[in-house]
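Following the hints, position chain B against chain A.
Protein chains: 2
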Amino acid sequence: MKKSEFEYLLRNTSGNSKKDIATREDDFPQWYQDVIVAADLAENGPSKGSMIIKPYGYAIWEAIKSELDERIRAAGVPNMYFPMFIPESLLHKEANHIEGFAPEVAVVTHAGGKELEEKLIVRPTSETIIYDSFSHWIQSYRDLPLMINQWANVVRWELRPRMFLRTTEFLWQEGHTAHSTELEADTFARAMLTMYQNVAENVMAIAVTAGEKSERERFAGAAKTYTLEPMMQDGKALQFATSHNLGDTFAKAFDVNFSAEDGSTQPVWQTSWGMSTRSIGGLIMSHSDDKGLVLPPLLAPLKVVITTVGGDNAEVKTAAQKIANTIAETVLVDDRDISPGEKFFAHEKRGIPIRIEIGPRDLENNQVVMVLRDTGEKKTVVINDVAKFISPELAAMQQRLYAQSQTRLSENTVDCSSPEEAIAAIKNSKFALASFEVTAELETSLKKDHGITVRCYPFEKDAKTLLAKAY
Amino acid sequence: MKKSEFEYLLRNTSGNSKKDIATREDDFPQWYQDVIVAADLAENGPSKGSMIIKPYGYAIWEAIKSELDERIRAAGVPNMYFPMFIPESLLHKEANHIEGFAPEVAVVTHAGGKELEEKLIVRPTSETIIYDSFSHWIQSYRDLPLMINQWANVVRWELRPRMFLRTTEFLWQEGHTAHSTELEADTFARAMLTMYQNVAENVMAIAVTAGEKSERERFAGAAKTYTLEPMMQDGKALQFATSHNLGDTFAKAFDVNFSAEDGSTQPVWQTSWGMSTRSIGGLIMSHSDDKGLVLPPLLAPLKVVITTVGGDNAEVKTAAQKIANTIAETVLVDDRDISPGEKFFAHEKRGIPIRIEIGPRDLENNQVVMVLRDTGEKKTVVINDVAKFISPELAAMQQRLYAQSQTRLSENTVDCSSPEEAIAAIKNSKFALASFEVTAELETSLKKDHGITVRCYPFEKDAKTLLAKAY
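As they're listed, the protein sequences go chains A and B.
Going by my numbering, the first residue of the first sequence is number 1, and it counts up by one from there.
Going by my numbering, the first residue of the second sequence is number 472, and it counts up by one from there.
Looking at chain A on its own, in the form it has when it is part of the complex (with noise of 0.2 Å):
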């Protein structure tokens, strides 16, 4: 047993009240919502936009942190950190790009009790900023490729703000390459765009439709831009991660050139590729229920709770205490005397996947039972098979999460040969692939009249067109 940091659950904070939650086919938006508070996940923060995510919310992305850190590293791909704060005039060096940020950013104009100078921005992503610093940094092909990423805050100002998905404020890494050759980048780009599906799909139990962006929906100063694009349980999509391939434009832009080995100046070719904490709403919208956060094993802060039930009995509770012993797996006892109704609605909402009810006749009969949060099934387990049974069901559940967002996906991604029927589909929930020509006329009228945006060109669907609403 791993001593657990969330004992605090135990309380009965405000912070962790009980709250009704919608249904998600009475309200899907009020549901996500309410799985958040219910979750206690995050709250709004006290200016415009701004959120504040709790201990519970924090340590989700602290797992989703763990499991992408380690890949990039293993990519070769070593940490750094550069300043939130971008002079303005850096910012202002890449046409397209600050024609794509400018309405999001959030100014400094003054610092120390004064005005400053030259205005500072908040950084809404860092390219301008890291790339002013590669073009000091690479000089000859033996510099290449130079690699880094940073974990950082950044800040894009948000209209409609909706906690995870659109906050003023975001956590997330960004990372920066620079290489010989434009092929090479393009084949980096791809396979960072393959790590966060790894990702996506091994550690968040959540399948995606991987591909290209349109022109329109590309990254500004981009050449390509790679998404992945899941399906929530609404039907709309929600753009996971991004990968792009920036070509030469940010190496001409900034002057960020090489030394070639035969001895010509060449400008560098870029990729930046990014994850954040939105994915952390496509979690929720992807597995939860209407009793509360499901969560994929993987990714759960506590992996085991064990409650005791039938009333305040010192031996239900010693032995609970033995079996949570028993288990290698973060756990948490609860034996407070409060009904077991409450107990068992306070971890669901959490979405702690395995619940080990005990009470007196269980104990009796030297058996416990071990309640899946996914399914709700109820096995009767004998106490000492409890400890070998965890890791097992904690990996079938994954897989079951996984394999129900892959069959979400695949049925309800159907073939459209016409703008009418893909409208019609997408307003029945489903994904539309497109095999009529998207043209940029059509894209815009598509978003303009039905909200329905290109989400992409699938990697996998030779020359057709992912059309859907998304978050």
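Hints in this document: simulated from the structure, not taken from any laboratory.
From a predicted model like this one, the values you see are computed outputs, not experimental measurements.
Looking from chain B toward chain A, a few residues come up when the C-beta cut is under 10 Å (computed):
#, residue
1, Glu476
2, Pro517
3, Trp532
4, Arg544
5, Pro558
6, Ala577
7, Val578
8, Gly583
9, Glu589
10, Val593
11, Thr748
Using N, Cα and C, we set each Cβ at its ideal position, and we do this for glycine too.
Same frame as chain A, now just chain B:
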């Protein structure tokens, strides 16, 4: 052998160029800058006072962070995350606090293309925004103690910036707790100082004097500030970490009240405590020498480098790789065909604790030369014994560095019975332990006329005052 993400160290990148290092005796401040540049830990960012933490420097911060994070969790304090923008009105709620921080803050006045109705302050520290939430979260004694920690970037405008020591933006953790009694809060603030002392001594190998700050040096708004004051190699102090007993000052300003068991409504008693990237400045000035960075092995990103000598020899390269494979710690094999001197210099200035040299003659004799970074001592070791020597050698080096720091502190802290004696001692690079009374007037004139400050009233030296110059 663990896979190293530091293979890039083997490149001759422009950020890793050969650079002479000033001696500590000739020019200590220049030496400090040179060590940072030579080890490629950090460099100045584009806006004044900002700093780019480069991969090798960031890896040291990650190692410190990991050790600290583990201890914070073990104290039962979970991580969470608050917004970095504090509405101006919140920052102004506690009079002493705003008086202390107003001159240092950066202010966001525009965002999303508009002037903001209320200015947003980029957090210089987060008491105000966090305690605003505490006032909502805390109702009853059952909600106490409430304890949280966050890892974050903060901004304090600096007029005379220096890398790591004083940068406009820095990284830190800040812990915040609320308790039901004054005694419990004070005890917890002291416990967190002890935790920092444990990190200083056992991880960073830095001896410290622990004590309480004078009223003048106290954190803005605190009832008591506890501090750790190590001695740098030039005899100056550096505030390593602080822990504050905030009394009920913020509770009263932010209405953080609870209903006690007796039914009465009372303000909570609070603490806050932090440690930052500033500590890396202390690490450098504690251990490094005229050859460059020296790192306590526990914090060294790479523990061992194996360098081939004697030219391009395939058998030697193979042997180097074989030895690396037997070593459990992070190890880099440097088999580049450049002069041994150049390689030794590169790894010395990075502070890699153990260098193993192997050449054709060594291979013939079935041995290598092991060189210890701190002492420069060379040992001849039989190849098959290398692996088993690494761990004890690293542990011994960690211990030596701490002992050296401890000796420096104790031998150079001198009892002084008059201000004149103290001024003379400090001029002579000592810490002065004043047995005379340091009145508020004397404290002011010592600072104004001599740049000497009250570092603390040491816990272990009853009724004495520690005076020194400080970073």
